[in-house]
Amino acid sequence: MQEGSFSKSGNKQYKGTFIAYNNSVTQDNLLISHPPVAKQESRPPLVSALKASAEQNVASFHFPGHNRGRAAPSSLTQLIGSRPFHHDLPELPELDNLFSPEGPILDAQRLAAKLFGSSETWFLVGGTTCGVQAAIMATCSPGEFLILPRNSHISAISAMVLSGAQPKYIIPQQLIADKKLVEQAIKELEMEGQKAAAVFVTSPTYHGICSNLTKICQLCHSHGIPVIVDEAHGAHLGFHPQLPNSALKQGADLAVQSTHKVLCSLTQSSMLHISGNIVDRERICRCLQALQSTSPSYLLLASLDAARAQLSENPDTIFNKAMELAFEAKYLIQQIPGISVLDFASFSNFQVIDPLRLTIGFSQLGFSGYEADEILCRDHGIVCELVGTRSITFAINLGTSRDHIQRLILGIEHLVATSAPIHGIKGRVEHSVHTLFADISMSMTPRDAFFASKKKVSIRESLGKVCGELVCPYPPGIPVMIPGEVITEKALDHLLDVRSKGAVITGASDPSLCSIVVCDV
114 MQEGSFSKSG NKQYKGTFIA YNNSVTQDNL LISHPPVAKQ ESRPPLVSAL KASAEQNVAS
174 FHFPGHNRGR AAPSSLTQLI GSRPFHHDLP ELPELDNLFS PEGPILDAQR LAAKLFGSSE
234 TWFLVGGTTC GVQAAIMATC SPGEFLILPR NSHISAISAM VLSGAQPKYI IPQQLIADKK
294 LVEQAIKELE MEGQKAAAVF VTSPTYHGIC SNLTKICQLC HSHGIPVIVD EAHGAHLGFH
354 PQLPNSALKQ GADLAVQSTH KVLCSLTQSS MLHISGNIVD RERICRCLQA LQSTSPSYLL
414 LASLDAARAQ LSENPDTIFN KAMELAFEAK YLIQQIPGIS VLDFASFSNF QVIDPLRLTI
474 GFSQLGFSGY EADEILCRDH GIVCELVGTR SITFAINLGT SRDHIQRLIL GIEHLVATSA
534 PIHGIKGRVE HSVHTLFADI SMSMTPRDAF FASKKKVSIR ESLGKVCGEL VCPYPPGIPV
594 MIPGEVITEK ALDHLLDVRS KGAVITGASD PSLCSIVVCD V
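Going by my numbering, 218 is the number at position 105 of the sequence shown; the sequence numbering is gapless.
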């Protein structure tokens with residue numbers, strides 16, 4: 114691995130750091146890929162148990178009804194074959210029990226804990242949403258305070274409904290929480306004679322922006338407060354020298370990771386990690402048992418074990434190819450006129466950004482993110498991860514190929530060539546959420562508002578009333594209006610604006626936003 118520089122015709126030489134694996138980098142071979150050589154290891158314990166169980170010659174009188182694929186729906190077997198059904202098994206003795214593991218599930222979770230650096234790891238079949246809910250319920254009792262950024266994921270809001278916790282919101286200036294804001298919230302609670310039961314932080318964000326968790330954890334631990342990290346987008350962190358450190362490495366007490374996002378387990382499968390002894394592990398277990406299905410999918414569970422094993426084969430080099438492609442793609446995109454890329458220069462203070470997340474702005478071209486996404490998808494077959502009002506976010510992962518990177522670059526170049534640039538607009542990706550949430554006020558707790566009597570009113574009539582539903586443009590799943598908050602003109606205007614630009618509004622009983630559900634108080 115070495116530092117390198119390369120030049121593109123008509124541009125100055127690029128002197129940034131990127132990863133080069135050959136001695137000669139040219140325009141033609143810039144986007145190179147070399148598959149890692151995997152070390153051989155025995156079959157993962159839960160994968161092995163599932164394979165052995167599925168291969169038994171038995172007369173099956175148990176669920177599910179497709180009976181090991183014998184009655185699988187033909188429309189689905191024509192799509193994916195019958196083998197997934199052979200392995201779609203229930204809680205058979207040889208497959209262990211998710212809520213009282215003693216065999217292959219326990220072995221698989223222990224191997225995951227060792228790899229990710231936790232004292233204990235739990236497999237989740239309800240996604241990171243389930244893990245966030247369990248983490249908050251395990252640390253916050255009814256009436257206790259949870260410090261969290263107002264732009265937290267919807268799962269944190271639903272967790273407060275379930276737990277009865279009261280929110281103490283912090284309003285980040287630039288998407289993420291920092292030590293100063295957390296410290297201010299702790300002091301404000303102390304002045305009211307209260308103490309936070311936990312601090313909740315999202316890092317990295319959907320855009321890959323990472324908080325300085327080390328400072329936040331040191332501060333919170335000095336006050337005896339546990340730190341929960343929504344690390345849904347960061348299961349891969351720490352597995353390459355140029356990736357940020359993981360939340361656990363920085364001192365988090367609980368970290369919830371979507372193993373299915375950047376890593377390679379099946380969608381909906383995640384992990385919850387615990388470190389230290391501030392949080393009661395028995396309470397975590399009770400919360401997970403209350404939240405997770407009593408009929409967990411062993412395909413999801415086995416995929417977590419398999420993803421862990423895949424990462425364990427070459428933990429120091431597995432992301433070399435993806436990182437290489439990401440750095441080089443970012444460089445080439447930055448050379449395209451009229452395009453802005455989210456990077457360190459987008460912030461007034463230094464931030465750490467996951468190199469595998471590319472957020473690209475198109476406002477200088479006169480396109481919203483939704484318009485640019487429609488063109489890239491329709492004309493070039495490019496499917497992104499996240500669309501915003503001014504930008505698009507692309508996720509680079511272990512399966513990203515050279516061909517796909519080239520197609521992305523060609524697609525953006527074509528977009529630029531067929532557009533009419535708007536002069537005078539600064540090339541910076543919009544990232545501030547402070548303005549939207551600066552004037553929020555709570556009239557009821559999320560739990561009280563959730564269970565309060567409701568009525569439906571017109572959207573303009575709702576102004577100043579207490580919101581009774583969780584209204585959330587998705588993705589990224591950040592609620593604009595939360596039950597218990599007073600509805601502001603700024604929130605209404607924002608929702609109407611993003612909807613007009615193509616955003617999907619979830620949570621609202623009327624997705625067209627002609628009406629809003631409010632608390633009848």
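Careful, some of the hints might be misleading.
In silico BS3-like pairs for lysine-lysine, Cα to Cα no more than 30 Å straight-line [claimed, not checked]:
(1) Lys300 - Lys227
(2) Lys374 - Lys443
(3) Lys300 - Lys281
(4) Lys614 - Lys374
(5) Lys281 - Lys569
(6) Lys578 - Lys614
(7) Lys578 - Lys362
(8) Lys292 - Lys164
I should point out that these hints are in silico values taken from the structure, not numbers from a laboratory.
These are the hints, each one checked on the structure:
1. Lys300 - Lys227: This hinted pair is violated, its Cα atoms lying about 36 Å apart.
2. Lys374 - Lys443: 20 Å, holds
3. Lys300 - Lys281: 11 Å, holds
4. Lys614 - Lys374: Holds, because 26 Å separates the two Cα atoms, which is no more than 30 Å.
5. Lys281 - Lys569: Answer holds: Lys281 to Lys569 is near 28 Å, not above 30 Å.
6. Lys578 - Lys614: 26 Å, holds
7. Lys578 - Lys362: Not satisfied, since the Cα-Cα distance of roughly 44 Å exceeds 30 Å.
8. Lys292 - Lys164: 48 Å, violated
Of the hints listed earlier, those the structure fails to meet are numbers 1, 7 and 8, in rising order.
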